[in-house]
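Asker: Assemble the complex: chain A is given as a structure, and chain B must be docked to it using the hints.
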Amino acid sequence: MLRLFTLCLAALMALVLPASAKDKLTVYTYDSFVSDWGPGPKIKTAFEASCNCELEWVAVADAVATLNRIKLEGSGSKADILLGIDTSLTAEASATGLFEEHGISTDNIKLPVPWTDKTFVPYDYGHFAIIYDSEKIKTPPASLDELVNGDPEQKIVIQDPRTSSPGLGLLLWIKAVYGDKAGEAWTKLSRRVLTVTPGWSEAYGMFTKGEAPMVLSYTTSPAYHMVAESTERYRAASFPEGHYMQIEVAGILKSSQNKPLARQFLDFMTGPGFQNHIPTNNWMWPAGKTSDALPDAFDKLVKPAKSLLLSADEVNASRKAWIDEWLKATTR
Amino acid sequence: MKTSGTAGPKPAVLAGLVALGFIGLAVATPMLALVAIAPALPDLSGDYLGFVWSITKFTVLQAGLSTLLSVLAAIPLARALARQATFPGRHIVLRLLALPLALPALVVVLGIVEVWGRQGWISTMLQSTGLSGPLNIYGLAGILIAHVFFNMALAARLLVAALEQIPPENWRLAAQLSFSSRHVFRHIEWPVIRSVLPGIASLVFMLCIASFAVVLVLGGGPKATTLEVAIYQSLRFDFDPPRAVLLAGLQLALCAGLFVLGGRMATDIAVMSSVGKPARRPDRFASRRIDSLVVAAGLTFLALPMLAIVLSGIAAPFGVIVSQPVFWRALVTSLILALTAATLALVMAWCLLAAQRTIMRHRIPSRTASAFMSSMQASGSLILVVPPVVIGAGWFVVLHRTGLANSAAPVIVAIVNALMALPFALRILRPAVVGQAQIHDRLCASLGLSGLQRWRLIDLPVLTRSFALAFAFAAALSIGDLGAAALFGSADFVTLPLLLLQKMGSYRSVEAAGIALLLAGFCLGLIWLAEQLKPGAQTS
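Which chain is which? The protein sequence lines are A and B, in order.
According to the working numbering, the stretch in the first sequence is residues 26 to 357, in order.
According to the working numbering, the stretch in the second sequence is residues 1452 to 1991, in order.
No lab work stands behind these hints, which were simulated from the structure alone.
All figures in this text were calculated on a predicted structure; none of them were measured in a lab.
Beta carbons are placed, not taken as given, at the ideal position from N, Cα and C, and that holds for glycine.
Errors might be hidden in some of the hints.
[As the list claims (entries may be wrong)] To give a feel for the contact side, a few chain A residues facing chain B, derived at Cβ under 10 Å:
#1 182
#2 187
#3 327
[Stated by the list, open to error] Just the calculated beta-carbon pair ranges, DEER-fashion:
#4 B:1504 <-> A:318: 54 to 62 Å
#5 B:1516 <-> A:170: 38 to 46 Å
#6 B:1712 <-> A:141: 32 to 40 Å
#7 B:1972 <-> A:171: 41 to 49 Å
In isolation and in its complexed conformation, chain A is listed as follows:
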């Protein structure tokens, strides 16, 4: 038994032995970005073709976890770049003092809102949206207000803002639209909420299993079903009040030993070699220059007339208070 155990331990260690020792750029990101079907492996090939270096992805569970990992590691981190946090976390990330100004040209960047952050560079964006099952709902809510005040028997599954990015997104969306009245809006909306899940996966899984006809997700979600499953059954509801945005960004660590290479990567990130892989691998809108045309499915997506985004500093300062407000309003 002991021999088997030693053997197993050795095998476990062998699984993570380091590879070769070329000039290496280490990028921390969330795990779905680097899964076999995510954009990571393709971007690695494209970047390595031009940089004579090795790009190493280190994947942590999700965006929040990547930032926590950086905080835990402090200035001893072996990361050169952190890629994958969104604008609800950038102020918190900047406040750690572990990041430095990117110093690259932002000419390629295309976003529905002006970009002024000097530390972080955006690489994609999306809008949160209510996705509905068109076989169950013939007249979807035509506005956020209709969603909030609609039939309590028509249910929606949402995510918990304490544990999930989309959950926090909806919290900020309602705050951006209702301001001081957000608490009342939540009390009304909670009558329609079937349940609140810790992450996106549980919510979307319950939705596609038919347990609820609506779910909180992204405007780009229907594109996946159109491209991969050739169905237009799942659609996004368009709200005239505007849709809250999620902008995903990357930044350079102060402690990086490879800053020129790191800058080269961020520069590369805003161009086609990176951006072409975003739409159908990360299912988000590219935030830079692409050379491939977007798939037709993206033309059919809801394009919000208005993009909502609270400032990163405001989010950082008030998040706790807003979550408390949400807790009070929904547990009443």
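Answerer: What follows is chain B alone, placed relative to chain A:
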């Protein structure tokens, strides 16, 4: 410490102390590390304390009710399964009882929603017969259904194992005295059940305290917030490690307190000496009809969500799944991890129990000895309520400082999984090990057998069945565990549950359902494998 003339006792006690030290180190180090990196003391306002109080009440309420229902349902099921020792398919039923433990909570939640949800099978049936509207399980009901699904199976399996240890002499006696079913229960079964019940109930209670995804999803939202959610939130979104440690400490203290209360109800382990096949029970004919009913009801409750999981998995594109290299990498990693963790858990459990047996045998009365006994009981119980997210983050801090974070990650994951499996292993092995001791000690003393020789010739053969069961549970637990493996992300270290979650998180829920099915299959395979672990000469 006083020892007898032989050299036997000392190494056993020493091994136990080493195991205990190892466990303490593995759990305390990360908690201290997290406190050490704290920039400031946690901010604990009156409002926050009020919040903590209300979620603590809810945590204890849901865990207490879940435990009560699971155990109450498990007793008749276990009695029926133990009484009917020969019906066809019994082996498979017993193996299936270990399966819920191996399934990631996310998979089980979706399976339960498919059966019990608003649009689930039961709702559809009720509505089509016009009996009632759709069920609404979101709230305490949903939490209880899911927890009973997980834990009734577990409790029943452990109770069956205990009941099967009842020596055949008792049954012969019962037959001679023409015991009624009630007499059998009162005089034969209940003493055994009572001796293992506190251990089983405390295990179930801890699993329910630490439950996270089930509670949030089926609890219907923030009303169903538990301490575990607050710990997760304070470590991740708020990044407040000291507060996370404080809440984890509260959770630990809470469980420890309840166990001290519960410990008063515990009884001595019933002496058992069953070697070989479970006895043919004289009462198996009279109770056949009621047993069939009980087993059928229990199985239906367990099988429906499993059937839902199978049905959604069976449609998966298995060709696509197995053609991906990452699937094989994940499979190999998971299998190695499960085998390593299960082995380590068994070694630790054996060390602790052998030490305990030695102390009991020699009636060592010192204060050290009694301190050892109680810390052993505690370590075997409380590990499950130290949130993996805390252990993981803490160890990460320690390893990062030493530059070992990446290479040591798999070892830590294996150790964390082994620690989580330890409470199971201890509960399964303890009645057998300590019970056997009382019977065989004199024999061994007169033959002059001790140490390894005794282990090989006397202990191992009679303990095989318990070892196999403990190994199966430990392996099932670690092959299905997500928590520990997810903490040390690295593109190279992917386990099956992690792969499943990644698929689920990128719209590929059909592939994820297929992986869940494969995961269940491999788990059954491991359980089968564990049952084949027999020393050459002995038949069991």
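Asker: Hint by hint, say whether it matches the structure.
Answerer: Hint-by-hint comparison with the structure:
Given the 10 Å rule on beta carbons, the hint for residue 182 of chain A holds: about 9 Å separates it from the nearest Cβ of chain B. Interface restraint check: residue 187 of chain A against chain B, minimum CB-CB distance 4 Å, threshold 10 Å, status holds. Nearest Cβ of chain B to the Cβ of residue 327 of chain A: about 18 Å, over the 10 Å cut. The hint is violated. Our hint of 54 to 62 Å for residue 1504 of chain B and residue 318 of chain A holds, since their Cβ atoms are close to 58 Å apart.
For residue 1516 of chain B paired with residue 170 of chain A, a C-beta distance near 39 Å keeps the hint of 38 to 46 Å intact. For residue 1712 of chain B and residue 141 of chain A, the hinted distance range of 32 to 40 Å is not satisfied, since their beta carbons lie about 59 Å from each other. Remark: the range hint 41 to 49 Å for residue 1972 of chain B to residue 171 of chain A is upheld by a beta-carbon distance near 46 Å.
Violation of the numbered hints given earlier is confined to hints 3 and 6; the remaining hints are satisfied by the structure.
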